[in-house]
Structures are given as structure tokens and as C-alpha cells.
Amino acid sequence: MPILQVSDLKKIYTTRFGGQQVQALTSVNFAVEPGEYVAIMGESGSGKTTLLNILAALDKPTSGQVLLDGKNIVAIKEKDIAAFRRDHLGFVFQDFNLLDTFSIQDNILLPLVLAGKTYKEMEKRLLPLARRLGIDALLKKYPYEVSGGQKQRVAVARALITGPRIVLADEPTGALDSKATDSLLNLFDQINGEGQTILMVTHSTKAASHAKRVMFIRDGEVFHQIYKGVSSTEEMYQKISDTLTLLAAGGEEDA
Amino acid sequence: MRSSLYPRLAMQSIRNNRRFYIPYILALLGDVAAIYIMSALCRDPGVKNMTPGRPNGYMYVSVFMSIGQVIAFLFSAIFVLYINGFLMKQRKKELGLYNILGMGKGHIAVVLTIETVYISVLGIGGGIVTGLIFHKLVSLILHQMLGMPVPLGFYISWDGMAWTAALFLFLLGVTLLVNLNKVRVSKPIELLRGGNVGEREPKTKWFMTLLGIVTLGAGYYIAVTTRTGVDAIVTYFLAVGLVIIGTYCLFTAVSIFILKALRKNKKFYYQTGHFIGVSGMLYRMKQNAVGLANICILCTMVMVMLSGTLSLYLGTANAVHEQYPGDVNISVSYFPQPVAGEEDWRPFDPDAMLAAQTGFIESQGFHVENVRTSCRMGFGAGKVSDGVYTTDRFNDTAKGGIVMITVITEANYTATTGETLGLAPGEVAAYGVRGDTLTIRWTVDAVGTELGESSFPIAKHLSRNPAFDPQITELVTIVVPDDAAINDIWAKQAEVYPDDYSSMRWLSYLDVNAAEEELEELQTRYYDAIEDGSFYEGTGSWKRCIWNLRSEGEADAYGLAGGFLFLGLFLGFIFLLATVLMIYYKQISEGYEDKDRFEIMQKVGLSRGEVKRSIHSQILMVFFLPIVVASIHIAFDFNMVEKLLTLFYIHNTTLTALCTLGTVLVFFIAYGIVYAMTARTYYKIVER
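Protein chains in written order, with the working numbering: chain A, 1 to 255; chain B, 256 to 943.
Restricting the straight-line Cα-Cα distance to at most 30 Å, the calculated cross-link-like pairs of lysine-lysine (DSS-like) are:
1. B:K858 - A:K79
2. A:K60 - B:K850
3. B:K867 - B:K458
4. B:K850 - A:K77
Keep in mind the hints are simulated off the structure, nothing from the lab.
All chains, full assembly: derive it from the sequences and hints.
Structure representation (C-alpha cells):
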């Protein structure tokens, strides 16, 4: 059974004045299997952010279904959404979204505190995770005292600490330099290798080339997808580039 | 074309920032109106003419208003500069954008200047118009409070207007200069980035924490241990200064110390509510400590002023009745025994004196009723211990300092209180003494010759002082059964104070059913009548005979108390206005800062309900902390206010306590309303 099943997802925005309608998602269908590492690519305005927001239960679709472990998250009641998100999903954002008022340790523990776990349990989960991510020396520091790459690792730790079914990453390398990007992508490979399902939205060919599967979205639809299979990351990079070129050319033909 | 651009830009930027500017202009308007009204009241000739040639409450008002004006203006100045700083911080981005879009700093200066002109026109012009309208109303209230007839007509003080306008133009001019200077020295990119600089975690300041605890403790200690009104005057400002320092330290250092201690407690800290609350408060306190301390001090001032002046005003009726039990109060000083240098001494005859006085009043066509007479005396002594006093006032054994011992007869006590004590000969009732006996050691002052001592069993302890005087020193009052007992004590003190013995005072309180003017006329005729030497024939030897009309004392007391209350209300209004606005601006700036934080928390899994609850508890804490601390200050200050009030013959603890409680309660309600109103603005910002 797929961990995530998206079927016929539609999202139509109505502008505030004049009632003009903009179709962000036309009809999106796909499934993610447990342990998969999926990248979603697309141009600005292709609908990827809208898709991610719906998957994250931050936004509601106009129609369609999103099944996580067979449960339709679209139908979850407003008051239960926060707890659902906290318990089942992990988030990594482009701009880290760490809180300046908390130490690194407290930033990582935030979802557990919100979930009402005991401090004992928090401690039990924190240290092994921090060691795995190589940030155990930073725990007492504050976000403004560490580098961008380190911040993103902290954000990953925060996403993983609840043991989520799936990690949703939104342009995780967008604010990092190339060295930090490599290091983060290797980290993603590592945690995926340990069985963590990851869904990543990105512009970056390099980031996408690490994924096991890449989906391309255009005009609110899944337009194409390629599997990594046995090919190396470099070969995958080439495939993605080719596809993107094709997409761009196709886009012009349509216009 | 070009020249019309600037005024348009200026108008637009005020309109775009109306959330900040409207309250600012309204506050300015309120301050201007208040100061205009004060200066108009100082000058209003209509009021002076109402009661020519007589000292009245208006005199006090005039003096109070001139002082009040200065305080109010100084305060407005601090306040306007504070708000201006806040406004400029919020607008940095906008100004930076202008600069980057190609406006030179000179152009920005022109826009800022035109803005200031608009604000001046609205604030000062509007304020003066408001002042003109409300002046009449305020003047009516004032006359009512002073118990004076209401003046007719509508007075406009051109001087006051010019003076007020000049003051505030100057003030706004200063703010403009400050702003222009800020623009001049800043770089556009800094302006654009505005206030977003990474905040460091606040450090625990040990010295400040200790200083705060020590100063606050010392201030409270002084306030609580003050024993007399005069002490209170002397130490009041010291105590206030200490408490102000303590308050600043409390908010800036002690608060952080406590929060950090809470954070160390892992079990407590890692719970949803506490986790967000404690860390949030830690940063809030760093940024807002001074602002909150300001609000706290303002609140305290307003509450002290209102409760103090209210107690004074409400206690005045009682105080006047205690000082002037009758419509006409006659006081005669005399010696019950012949003293050196007085030949031809004959004993003072109270009955003959009373007959002479009532005879005179009746002869003028008035009816005397409810005649009460009594006699009393008072002398200073050194306090050895509670209940033991020595007349060798500066002897080493007199460790307790000087006390004023007043001796009254039971007749006097009954006349003023209406109660009977039924004292047996040799017994006394006492106020201000603990223990079973009262002992006075008769020792010749400064010489040391001992003349024995008098000991009186205390039959009853009085909870209220029946012969109240302003507490310049500690007061002890003894009620003795009869004139013989009081004469005996008089003789003893005359012996031990050979150079400055006290006299006895015979008092009679007469009710004369007559109007105020008639009584004044009667008094004038009395002074004429005693020119004739035969008036006092047969009354014996005495030193001085004085008439006191209650109506005169009343006018004076109400003038003073009404003037104080009026000033208290007026300054209270201005301070409250300032407090309200500071809260409002604080809410807004907090809102902008919190917006991002709560957005992140929502993404990580905090529900909307939890966000709301968490915001609510933090905001509630931040905004009610100052008023809670202020209330604690008030509680400690109570003793001091009570002692100060004794200088105005107010010694009604219950009344003062009720006034204080009432003021605190009303303040909490007003504060709560303001909070609820501004909290809505805050939510709008955070939830957008």
C-alpha cells in the first residue's frame, strides 16, 4: 500500500476582487511508496508550492483526495489538523524557520513539547538523532550563532524527531551554498537509506538528482516523471537536464 | 507640479500609517487641551471676581494649576518624544524605500517637515478647540468641588492659547529636528532593513538584580516604618527614588533572573504552555523592560495621586468637623495658677466667659444652641519606652524621640465623640500608648532635677485620636476624668518647663443657626464690641481669646482639598492617556515581532487555538505585570500616604483604604478595557 496517495487533486483560487479564477492545480495524481525519495520539479507558478501546502495540510484543495496511510487528510477537522501535522509529517523549509528565541536543542524539541511528551522521552530521542546528524556539539547554541548549513541540519533534526511517516521538504537547498548543499543532500540520502520517506519540492537539478524519482509539474498537472533506477547521480542529473530542456521547448511550442 | 508632490506624499504617508498616527495625534490633542485648560484656569478673571478680597479655594487652584502645567508639559514632552521614536522606527523601511527610489535626503526632509506641519495643525489646533469646549465643563466641575458658586459666561484665554501653542510647537519642532538628524546620519540600506537585527539572549545581570532587590526593599522599609507626617515629607522622595530605581532593576534584571531559573527547571520548562511562554517572555522582557517599568511607575503615580487626593477630599468634611465642632468655636488660653510676672491674678472663670460670649451673640439677634465646653492642654516630652515619658526631653533615656502629649477632659471627649467613658478619679483613657499604665517622669528639662513621676492606670485604649493634630511628632492623647486632674498635670509641666510651659486652653463650641455671611458679620461686630474694655468683665485672667468660624475653615479646607483633587484628576487623566498609548504602541510593535514566530510555530504543528492561547497568556502577563507591581507599590506606600494626610487633619484609615482600593479597582478596569481594545489590533496583525 502506498504511504501517500494523491488522486485528482484540484485547486482553484478566486481573486479577491472581480471574482477572477486561477487554476493552480488542474488534476494531480500520484502515489508515494514507503521508503521512497521523490522530488517534484517545476517552474515558478507551476503549482508545486500549492501542492506542497495541500500535502502539508496547510491548505485545502477545491476537490480531490490526499490519502496518508489510507486516511484522507483533506477531511480532517480543523482542530485536529495541527496535531495530525505534528505527529505524521516532518517539515524542512527553504529559510529554515528556526526560532531565534530558542536554543538549538529547544528548536529541535519544539514538536515534542507541543505534542506534550515528557522531558525524559525527549532526552532519549534527542541525543542519538543529534549525533546522527552531526549537530550534537551545537545543542546549547542559538540559531544566530551557527551557519546556514548547520541551521538546515537542525531543521532536519526537528523534522525527524517525531518519527514522521513522511518528510516534506520545500526547496531545502535554496538558501545554502554549494558545500552545504552537498552535505545536506548526502544527509537526505543517508536518512532515506535508513528507510525515511522523503518528498521534496525543488528547482535545483542537483538536489533532484539525488532523489529516486523525479516528477515534473506543469500547468497544475504531473507532466512527466523519471526513475533513477540503477543509474548514478550524475546520470540522473543528465536525464533531468534533458527533460527540463524538453519541457522548456515544449512550453514554447504551446505558447 | 513638483511643489505639490511633497504635501501629497506627506498626507499620504500619514494616511498610510494611520494606525500609528491617529492615536499619536489624539494623544497630542488631549495633552494640548489639558494644558490649555490648566493655563486658562490660572488666568480666568471671572472666577477671581466672584469672591473678591477673601482667601478661597481658587487661590490654591491657581497655584496648583501653574505647577500642574509644568508637570504636565514635561510629561507630555517625554511622552511625545517616546512615541515619535517608535513611529520613526516603524517607518524606517518606508523612508529607506523613498531614498532608494531616488529621493534625496533633502526631499525626505521636506516631506517630514510638511508632515510635522500637518500634525501640528491637527494636534495643536484640534487640542485648543477641544480645550475651549471642555474648559467650561471643567470649570463647572471645579467650582462644584470647591463648594463655590458657579461663574457665568464663557471665558477664552488668548494668553493661555498662545502659550500652549508655543509650547507644543517647540516640542514638535524638537521631534522634527531629531527625525531629520536620524535621516541625515543613516544609510539607505539600514533604513530599508529597519529594526530586524538578530536578538541575543539576555544575560543575567547580577549586580542589577541585587541592586533592585536592595533598593526596593529599602524603599518599602522606609515607607512602612514612617511614623509621622513630617517624617513622611522628608523621606517621601527618598522612598520614591529608591522604589523607582528598584522598579527599573526589577523589570530589567530580576525578571530575567527569575525566567532563567524557571528555564533551568526542565520538568516545568518542557511543557507546551511554559515552553513558549518562558522563552518568549525572556525576549520580551529584554526589549520591553524599560517600557514596562515606565508604565508601572506611571500607573503608581496616577494611583497614588488619585487615591491620596480623593481621601483628602472625602475626608475633609470629617476633618473640618473635628477641628471646628461648632459654628462658632471660641478658644481661650489661660493659666490655672498665678505665674511669675503676673500681678493681680484672678482665676479664669469659664462660666462668666461663656455668659459674656453667648450674651453678646444673643444680643445681636441670634440664637445660641448646643453649647459644649471643654478644656485641654498639650506639651512635648521624650519617649523612654511605650507608656513611659520624661520631661527631660533630650535626655539619653528618651530614645523614642519627642512625643506630643495632649491632655483632654472627659467632657471634651464626650463633646467631640459623643461617647462617655465613665473614668474613675486617677484613671485615664489613652490613645497612642500600649500597656496598662502611663507614666510621666517629671524632671526639670535640661537641668535634670527629678521631681517624681505620675502614673495613671489606663482604663481604656482609644483606637481613634480624640484630639487630633497633624503628626509632626508622634501623638499621645490622654483623657482625664475632670478639670482637677488636668490642672494637676498642668501644674507639674509648668514646674519642669520653667521657661516654656504650655497654657491651658478652654474651648467652647456654639451652634448659631445662621448663614455664612451673617456669621462673618457677627464676627466683625464681635471684634468691634471687644474694643470696649468692659466686655470681658468678671471673666478673670487669661491670655488670648480667639473666634474660629467653621465656615471659614471649611472654605479653606475645601479649597485646598478640592484643588488637590482637581489637580490629581487632571494629571491622572494625562498620565492615563500616556499609559494607554504606551500600551497601544507596545501591542502593535509586539504584534509585528510575534507574527513571524507564530507563523513558524503553526507550520511545525501548533494549532490556531494554541497560538491564540499562548499569545493571550504572554500578552496578559506583559501588560498586567506593570499594574500588578504598581498595586504592590501602592500597598507599601499606603502607610506613607496615610501619614502625609495627617498633616491635613485626615486620620481616617478606613476611608483612605477604601479610596485606595477603589482607585486600584477602577484603574484595573480601565486598564482591562484598554487592553481588550488594543489586543484586537494585536491579533489582527499576528493572524494576518
